[in-house]
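J.: Assemble chain X with the ligands onto chain R, guided by the hints.
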Amino acid sequence: MLLQLNNIFKWVQQGGQRVFLLKDINLQVEEGEFISVMGPSGSGKSTLLNVIGMLDDFDEGEYEFLDEPVHQLKEKHRANLYKQYIGFVFQAYHLIDELTVYENLEMPLLYKKHSGSERKAMVADMLDRFNIVGKKDLFPTQLSGGQQQLVGVARALISKPKLILADEPTGNLNSAQGEEIMTLFKALNDEGVTIIQVTHSEKNAEYGKRIVNLLDGRMV
Amino acid sequence: MLTNHLKLSLRNLWKNRMLSTLNLLGLSIGIGSVLTLIFSVYAYYTADSNLEGQEHIYYLKTTGTDGLSFVDNVFPLLDEIVKSSPDVIAGTHVHGWGNMWLKKGDLELQERTDYVDNDFFKVFTLPLKYGDPETALNKKYSIILTDRVSQKIFGTKNPVGETLIADDSLHVTVTGVFEPISPYSTFRLGVILPNELLRDNPTFMANSGWYNSFTPSYLRLRPNTDISQFNQLVYGLVQKNYPDPSTVASIKAMPHADMRMDAIPVVKTIIHGSIAVACFVLLIVLVNLLNLNTSTMFRRIKDIAVRKILGGSKKSVIFQFCLENGILVFLSILISGVLFLAFLLPGINEAYGADFGKISFNVTKDYPVVLYAFGLGILVTLVVGILPTLRFISVPVSTGIKGKIEAVKSNFLLKNSFIILQFSIAILFICVAIILNSQIDYMKEAPLGFEREHIVVGKIDLDYRDADAAVSNFEALLNRLQADPYVESISTSDVVPSDYPFRYSPFYDANTKRDVRMRRAFTDDGYLETLKIPIVTGRDFDETIDNAADNPVIINRTAMEALGWNTIEGKRLKYKDDPSSGFPVVGVMEDFHYQNMQYAVEPLVHFYQDKENLVAHRFLSVRIMPGHEKSVEELIASEFENMNSRRTYSQEVLTDMVGAQYRLIDGILKTVNIVALLTIFISCLGMFGLISFMAKRRVKEIGIRKVLGAGIFKIIVLLSKDYIVLVGIAALVAFPIAGYVMNTWLGSFAYSISIQWWMFALSGLIAFLITGFTLGLQAVKSALANPVKSLRTE
Ligand SMILES: Nc1ncnc2c1ncn2[C@@H]1O[C@H](COP(=O)(O)OP(=O)(O)OP(=O)(O)O)[C@@H](O)[C@H]1O
Ligand SMILES: [Mg+2]
Numbered sequence: 001m002l003l004q005l006n007n008i009f010k011w012v013q014q015g016g017q018r019v020f021l022l023k024d025i026n027l028q029v030e031e032g033e034f035i036s037v038m039g040p041s042g043s044g045k046s047t048l049l050n051v052i053g054m055l056d057d058f059d060e061g062e063y064e065f066l067d068e069p070v071h072q073l074k075e076k077h078r079a080n081l082y083k084q085y086i087g088f089v090f091q092a093y094h095l096i097d098e099l100t101v102y103e104n105l106e107m108p109l110l111y112k113k114h115s116g117s118e119r120k121a122m123v124a125d126m127l128d129r130f131n132i133v134g135k136k137d138l139f140p141t142q143l144s145g146g147q148q149q150l151v152g153v154a155r156a157l158i159s160k161p162k163l164i165l166a167d168e169p170t171g172n173l174n175s176a177q178g179e180e181i182m183t184l185f186k187a188l189n190d191e192g193v194t195i196i197q198v199t200h201s202e203k204n205a206e207y208g209k210r211i212v213n214l215l216d217g218r219m220v
Numbered sequence: 001m002l003t004n005h006l007k008l009s010l011r012n013l014w015k016n017r018m019l020s021t022l023n024l025l026g027l028s029i030g031i032g033s034v035l036t037l038i039f040s041v042y043a044y045y046t047a048d049s050n051l052e053g054q055e056h057i058y059y060l061k062t063t064g065t066d067g068l069s070f071v072d073n074v075f076p077l078l079d080e081i082v083k084s085s086p087d088v089i090a091g092t093h094v095h096g097w098g099n100m101w102l103k104k105g106d107l108e109l110q111e112r113t114d115y116v117d118n119d120f121f122k123v124f125t126l127p128l129k130y131g132d133p134e135t136a137l138n139k140k141y142s143i144i145l146t147d148r149v150s151q152k153i154f155g156t157k158n159p160v161g162e163t164l165i166a167d168d169s170l171h172v173t174v175t176g177v178f179e180p181i182s183p184y185s186t187f188r189l190g191v192i193l194p195n196e197l198l199r200d201n202p203t204f205m206a207n208s209g210w211y212n213s214f215t216p217s218y219l220r221l222r223p224n225t226d227i228s229q230f231n232q233l234v235y236g237l238v239q240k241n242y243p244d245p246s247t248v249a250s251i252k253a254m255p256h257a258d259m260r261m262d263a264i265p266v267v268k269t270i271i272h273g274s275i276a277v278a279c280f281v282l283l284i285v286l287v288n289l290l291n292l293n294t295s296t297m298f299r300r301i302k303d304i305a306v307r308k309i310l311g312g313s314k315k316s317v318i319f320q321f322c323l324e325n326g327i328l329v330f331l332s333i334l335i336s337g338v339l340f341l342a343f344l345l346p347g348i349n350e351a352y353g354a355d356f357g358k359i360s361f362n363v364t365k366d367y368p369v370v371l372y373a374f375g376l377g378i379l380v381t382l383v384v385g386i387l388p389t390l391r392f393i394s395v396p397v398s399t400g401i402k403g404k405i406e407a408v409k410s411n412f413l414l415k416n417s418f419i420i421l422q423f424s425i426a427i428l429f430i431c432v433a434i435i436l437n438s439q440i441d442y443m444k445e446a447p448l449g450f451e452r453e454h455i456v457v458g459k460i461d462l463d464y465r466d467a468d469a470a471v472s473n474f475e476a477l478l479n480r481l482q483a484d485p486y487v488e489s490i491s492t493s494d495v496v497p498s499d500y501p502f503r504y505s506p507f508y509d510a511n512t513k514r515d516v517r518m519r520r521a522f523t524d525d526g527y528l529e530t531l532k533i534p535i536v537t538g539r540d541f542d543e544t545i546d547n548a549a550d551n552p553v554i555i556n557r558t559a560m561e562a563l564g565w566n567t568i569e570g571k572r573l574k575y576k577d578d579p580s581s582g583f584p585v586v587g588v589m590e591d592f593h594y595q596n597m598q599y600a601v602e603p604l605v606h607f608y609q610d611k612e613n614l615v616a617h618r619f620l621s622v623r624i625m626p627g628h629e630k631s632v633e634e635l636i637a638s639e640f641e642n643m644n645s646r647r648t649y650s651q652e653v654l655t656d657m658v659g660a661q662y663r664l665i666d667g668i669l670k671t672v673n674i675v676a677l678l679t680i681f682i683s684c685l686g687m688f689g690l691i692s693f694m695a696k697r698r699v700k701e702i703g704i705r706k707v708l709g710a711g712i713f714k715i716i717v718l719l720s721k722d723y724i725v726l727v728g729i730a731a732l733v734a735f736p737i738a739g740y741v742m743n744t745w746l747g748s749f750a751y752s753i754s755i756q757w758w759m760f761a762l763s764g765l766i767a768f769l770i771t772g773f774t775l776g777l778q779a780v781k782s783a784l785a786n787p788v789k790s791l792r793t794e
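First to last, the protein sequences are chains R and X. Just so you know, this note's numbering puts 96 at position 96 of the first sequence, and the rest follows in order with no gaps. Just so you know, this note's numbering puts 392 at position 392 of the second sequence, and the rest follows in order with no gaps.
Next comes chain R alone, as it looks inside the complex:
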């Protein structure tokens, strides 16, 4: 068992009323799963992903990640947990514009204890694997959307996470580029990486082994 959500509620106060963003979410994720989260816009997909990624708090319920009770952990401990085990891929890539491809890939490693040569090897490995060696000295703005997302995925993978959280990773890409990313995810999953992705596309959802449907913050 990689993670387990039990009766998760999340709400915000609006005009003195509770507006529920997540309602009674129960979800178990085994290692090696590939889950697609679907649902109409505003149904709480991103919110759910953020909660799983520990970027966001929830108000009620229990969350265990690798047998650690996330709801009881201190902020710092929680941050260590997601830094170590989770990689994020965003719809808008969120690469750092001031850094080259190489430096963007290197950055997560800088926050961990890796020697210089180790880092070099790991980045070179990633560049090689994603076939972007030739682009390593370019800045994100000099790349196409597909290439940027490739770098985004590579960056998420570089610290060897157990879980990849991807919020509409193909949202900004054309279908060919999208397919490339999806094939990549499939391959990663086959290697044992757990993936949870949010998507609007039935076709992309097909790549997953399981589909979670959300409606108004509730799993249906």
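All the given hints hold, so there is nothing to weed out.
Below, computed lysine-lysine pairings styled on DSSO-like, alpha-carbon distance capped at 27 angstroms:
{"#": "1", "chain 1": "X", "residue 1": "K314", "chain 2": "R", "residue 2": "K76"}
{"#": "2", "chain 1": "X", "residue 1": "K302", "chain 2": "R", "residue 2": "K135"}
{"#": "3", "chain 1": "X", "residue 1": "K7", "chain 2": "R", "residue 2": "K120"}
{"#": "4", "chain 1": "X", "residue 1": "K315", "chain 2": "R", "residue 2": "K160"}
{"#": "5", "chain 1": "X", "residue 1": "K314", "chain 2": "R", "residue 2": "K113"}
{"#": "6", "chain 1": "R", "residue 1": "K160", "chain 2": "X", "residue 2": "K302"}
Residues from chain X that keep clear of chain R, each with C-beta distances beyond 10 angstroms, as calculated:
{"#": "7", "residue": "R112"}
{"#": "8", "residue": "D167"}
{"#": "9", "residue": "D226"}
{"#": "10", "residue": "D461"}
{"#": "11", "residue": "V471"}
{"#": "12", "residue": "A750"}
Chain R regions said to be covered by chain X (calculated; three or more residues, Cβ under 8 angstroms):
{"#": "13", "stretch": "83-91"}
{"#": "14", "stretch": "98-104"}
{"#": "15", "stretch": "107-113"}
No lab work stands behind these hints: they were computed from the structure. Even for Gly, the Cβ is constructed at its ideal location relative to N, Cα and C.
T.: Frame of chain R; chain X with the ligands shown alone:
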């Protein structure tokens, strides 16, 4: 890690190069001026640091019953105090008695000469470069030189043991050379000699009794002395020994450290003003950086979130930001250092050097200033690096990643209060500059009670080698001048307006029972005519009637009023309990401003001196018909240049001499002007950065508005109206403060303008115009941008 941070910092700075340049510019100029101010304040406060235990050194300050106070005492008082008080460790006089001419070989020069007691070094632990302070004053014919004088005479060699000839008669031996003394020090020394030497001087012996106040007296007291008790003892000695102790209201031991401010009150204004200005400029620079940083922060919310997700800690984000700012700050400290050495230090030396001496920067001695600058840099970096990040760093990553600015708590008020603060300070300085300008103009232009134009003043106190020959030459010159058709009138005197020495005599009128302390001067019978000072009643001096031996006097209107007289018929000026018949008052002249307008016109008395009495006078003033100055000036100059004298002749027009009285305050004005410009400039830099950032943030909005048909003017208004309102608020904050500060300052001038509403209006207008221009530049640029292009960037 560090190289990565550094790389990123440089790229960030480069990416926002316009903002970076603005920052760098504002910072360099700001820090440069703060550095300059700190340095002069530092130089001021450390000038006396070579005095050990300065807190135990005191000088005697006497306050007369007329309310005036002075540091000069009668000579015997100090010895009496030393004899009778157990609290005194040592005491010394430091006083002049004519400056000596010193001769070594062909070189002859005159320097400030002070006479001191043997215990001088026990009171003042001034270090000697050469010689031994224990013995340097033991022998009667010894002289101690300041480093400056020693270099003039002996160059770099050690002159101890060398002999100098003083005033052509005395052989004195150099027994010591002082270490260089800061020009800001309380000490204004040239050479010092033991007081022993004056005991051979009959005029000194005759005039150094209990009557004549001429010497400052210094004491080193025991650490736990009860000062009020000590003052009582001194007062007791005054009561016992002074011929007329009733003129002394109090006599007090004052801390030596206060003496400088006491001597030149404007020093206090300058020093405190400098500190305040340094703080203000620093504040503006800080606020500016904070503003600009805060605005760039909005753009970085996303970056911060991404970094946090990828494993960066808050600390590393803050570090990154500090590093970026640190690069800017230290780069500008470097630049400002260059500015300081190349322009600002020479600048203050030019503005204040003539009054306080020129200061110079010497790394081995003044390294603390470098350390201050360094510390200041770190402080600034931390404040501007950390403060803006704090508000953004705690934005939850899930919201930060969306890059929504609204995610940051609405702190628009906070940001705006910074702008208001900044512009308030800028407007405050503009106000101060305008008001000070008007005050100086007023002082320079105001009617002075005499006509200053077309008068050339020759300085004739030249120390003639052959006095008799000089007098006959001088008489010949006077005759030629009198015959010159272009000369309207001639006067010799020991004073001219702008140069009335601080000499006072206490007079008393037994009938009206008034004590009046009068400023004393000597003039001939042409003085009032030459300066066109009207007679109120009585007559002017007249060489055919008056005789200098009878001491006829003319007093001014203020003196007459102070004495309570309605008429001068049969009046004589007398000292209290003076058995002689006193000085006959022959006339009353109208009040005129013989000193600068910071000071009031006091009771003044002119004693008569013959025109021909060359040695009694210091000035030859000649009123010349306009247009013919040159020939007359040349005539006088050539005559004096032919006389054999130690000093060289020089002349000046009276207008310049009068104007030069305001040199110091002109210097202050110049500084204030520069600071005012600087603050408004830096503030505008900040505002420029902010609005360009705002415009960038609102490109989309502007684009949409334009597509929807908004005119360019509308857009300009949209972008700038907030800022105009802010400047308006700033002006409202600044005006009362400026009014209060300047009212207080103007109060220290004897004659001052009253503050007018237009001065505030003008400063507000200036601020508005400059801001408007800055805003306009950017707003127009954004308004003119092609909307389609800007929309496409989304
Ligand atoms: N901080 C918040 N305060 C109030 N409402 C919020 C907040 N965050 C999210 N919401 C609301 O919660 C709901 C779910 O948002 P979420 O971003 O999870 O939707 P989503 O399913 O990802 O939609 P999309 O497919 O458009 O990305 C939306 O209605 C949104 O308006
Ligand atoms: Mg979403």
